[in-house]
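Build out the structure end to end from the sequences listed, making use of the hints.
Chains as they are written, first to last, in our numbering: chain G, 870 to 1220; chain B, 33 to 192; chain F, 14 to 609.
Think of the hints as simulated: they come from the structure by calculation, not from any bench.
With the C-beta cut set under 8 angstroms, the calculated list includes, among others, these residues of chain F facing chain B:
(1) Cys64
(2) Thr375
(3) Thr449
(4) Asn570
By construction, the Cβ of each residue, glycine as well, lies at the ideal position given by its N, Cα and C atoms.
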Amino acid sequence: MLITITIDGCEVSVPKGTSILEACRMHDIQIPTLCYDPELTSDGACRLCVVQIEGNHNLPPACRTTVWQGMVVQTQSPKVRAARKTILELLVANHPLDCMTCQKMGNCFLAEYAYDYGVTGEIYQGEKRKLPIDDGNPFILRDPNKCILCGKCIKACSQIQGKSILDYSFRGFNMQVSPAFNLPYNESDCDFCGSCVSVCPVGALTEKHMVGKGRPWEIKKVQTTCPFCGTGCNFDLNVKDGKVIGVTSNPDAPVNGKALCVKGRFGTDMIHSPNRLTTPLIKKDGVFVPAEWDEALDLVATKFQEIKNNYGADAIAALSSARCTNEDNFVMQKFMRAVVGTNNIDHCART
Amino acid sequence: MCTACEDLVDPKQVKLEEIITKYKHENGPLLPVLQHAQEVYGYLPAEVLKHISKALRIPLARIYGVATFYAQFRLVPSGRNVINVCLGTACHVRSGAKILETIEKALKIKDGATTQDRRFTLEVVACIGACGLAPVISINNEVHGRLLPESITEILAKYE
Amino acid sequence: MAENQRILVCAGTGCASSGAHKLIDALKLELNKQGLEETVSIVGTGCQGFCEKGPTVVIEPQQVLYCSVKPEDIAEIVAQDIMKGERVERLLLLDQVTQKPLSTMSEVPFFAQQHRIVLKNCGVIDPQKIEEYIARDGYAALKKVLKEMSPAETLEEVRKSGLRGRGGAGFPTGKKWAAILPTPSDKKYIICNGDEGDPGAFMDRSVLEGDPHSVIEGMLIGAYAMGVDEGYVYCRAEYPLAIKNLEIAIRQAEEAGFLGNNILNSGLNFKLNVFAGAGAFVCGEGSALMASIEGRRGMPRMRPPRSTVSGLFGKPTVINNVETWSNVPHILLNGADWYTQYGTDNSRGTKIFALTGKVNNTGLVEVPMGTTLREIIFDIGGGIQNGKAFKAVQIGGPSGGCIPEEMLDIRVDYDTLTKAGAMVGSGGLVVMDETTCMVDIARFFLDFTQKESCGKCTPCREGTKRMYEILDRIVKGEGKLEDIDILENLSYTIIETSLCGLGNSAPNPILATLKYFRHEFEAHILEHKCPAHSCSALLSYTIDAEKCKGCGLCAKNCPVSCITGEKKKPYVVNEDDCIKCGTCVDKCKFDAVVQA
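So, in structure tokens, the structure goes:
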């Protein structure tokens, strides 16, 4: 059932049960928000998406207000913009202003909105959080002073990863997001899936190995399938000057959405690793010696042929892995049956 | 627990198990369990929270979040005597802040701290509902009302 | 000696801290000594309401009121009053004008001008004995409802009475009850909100301590009207006596068949649980309170859905506060028509106020809605302490506002107070005199709200902190004139954009003080002066060497020993250590301490 509402003077029709924020997104009307994520439940905590509804004295958040027939919404009225500006001023007043060196620069929603609304950060002078930075693990850099307490990382941890390592602690101005007892990540039960990083709208959670390696506008994002296992997760390789500097979630990934595991998100350093094998190795006189592909493949083919000739095709068997893609597994069985001529194939996931 | 040490069972641990068993299957067991655990231990040690997390199958981060949200819970041991200085409106209007300052100077500690000899823990509370007697403090839940700054020394002397 | 003599000793938290239990012990001893233990009964009651003069003792049936009684007075009371029927005059209250002793409660203006419906039993019965409650029509309303009325008729009676929620916003109770009916659910809950967090309010505590059965009966009637079989009483952990008395009352009600299954053979089942809060003001907000019972951080959630659709454990839930539930049995027993004779058109019935601050008679006051502030503060409250001038009265706690002298004649009801920039709230009335600084009061409330903000939404978490910081600078004489504009702007944004009622109303104390006392803000900012001589950063104490006789009384009484000197020579105040308590000014007999 469609409902007709008026947003900024334009009549639009949206399905019943849609929130104002979703209705606006369907019609390319920009509304700022820091705590809303379509993959997560919505709390209406940041209050940045407030809008004016005719007949309503206060300014309700668009993300948690469902449309009704005949609703008249203003998303850019002076009152709305003034309120959003004040909220941004409040957030910036309790946020470090080291944007020049912040890894999130160019990708930071707070900075983008602050620019949009002409926020100076000078109106409210007072106490700022001063908490220790969590730098104890190789994957995630956590700067709680940059946290705007939107709570998306908490929900990502519980709703995407199912771990609930993170939660709010303390209250009011002293509220924080952290693992239990405010321990660093590496002393908690964290899996380092990095879902928290993928949803952080500011520079509080960043991919540690990407720090200093490149700015968003220098990076080319290449969507690809993760090579680590057969699940088929998609993500964006972040490529700068022909080198992969890291991985970020691609929200449109069909299999996994923003979710990734520690290997997929943080394991890409192997691409440019000096320890990586770049040629086949053949053991000669007890030592592995680099060889050409042709030489190596010829050797393997000869040995297979020898075995088959001497002992029959059934003397050869192949075992493949669930971590391989379906295509790899298909090719494996085809090769064994059609080329080697045996049905001796097996798979680690066979039950 | 190692079976050789069975006769060395910690009585507090036994009580904690009783509490958990009592509330485990109730709706919303966390707050009562934390409250009773604090009665047993005097505060909420990290190990106890970890145990409660496992027993109730509630993530530890959530328990820590709850324990730091409510004013009642403490994560460090308190002194032998807990002074609650009321700074509710009625006490504020009747100069409760001067009472607090006097106690702070007398004990040389601030709100939330414990004296080095562990004799006193000082805490500011919002209202203990004895507004008719403002300004009031309560020491170990015993209310002292109609206070004057000069009467503090005498009251504190009663608590060892 | 009169028949049926009872000695009622107030043993509410206030009087208990003034030594009520020692009085009860002394009374027992003395009555035994005189062989009267069989004929005269001693009752430790809940709060009688007259905290200022506590511990108070009432002799029934004559209703003699003795004030500020000490254990050493007991022998005299027994010998003279109980045995001879003569009053112990020195323990009676004096008439403020004639200075004549007032021998009975009905002569004491503090009691005479109240109209006690909810507090009917408070201070009169022993709250730990169900038979005393029953003897005063207790559970009669429940019996009547179960026997004579259908659930729908019961609800209709509550709706007709015009009862509105006594906890804050004043939502019509009957309407709230009706809202839970349409949602089909296998389970529904009712909750009694006893998380009385407003500093300066203690009526809910007194009712729970002094008359817990009235709350239970109210909830039972609600359970019947709404078809609910389980309820919670959420009580602040800071109220141990209230929790204890409530638990005793629930046990007794279960034993008497008022709680449990098939209550009074009516088919009604109702289980009542007590839940102790853990210290968070925000849990007075319904959704935060429910989160707390569910074992989560007490953070409010967005509506919709309303709690009548999805509340506690996701089930339809109705939540009312202690005073609201306690009104219900009276309405059902006497009828809605009886109830509507009290109060004003839109605010029916009575309201309990906790009268505190710089007023002579602090305590609990129950008056019909529509009584003027002047009547409450001056007629019942006996005016301002120490002959000082009235300045303002703060109503409604951290969500309310300060009402100035020129508005003392407004009637206290929901709509009038909201229009005046305050609110009924839970009913705390904190009286302020000329020595109270209004900027400091605004700072006090913002300090409270910023500490109690749950932290979930940005405007409340960050905004209340900044408002507190600005007010703190003004109080210290470091404010700028533009700070007032910043405060006003920030106030409106917080009101319009915060998630819950705590944030929506947090700026009220600022807006109300700015409305009526802007000149005090300006004096702090422009002249660096506190007109009330209250803000310590803008005060200094020095000793006039010419007037000082060197008696040393100031030094002796200084609580922080910051006054030094030799006898018979002028003393000196060490300003670094001085906490500006003013004790030296009060103690000096020669006006030698100068306060500037």
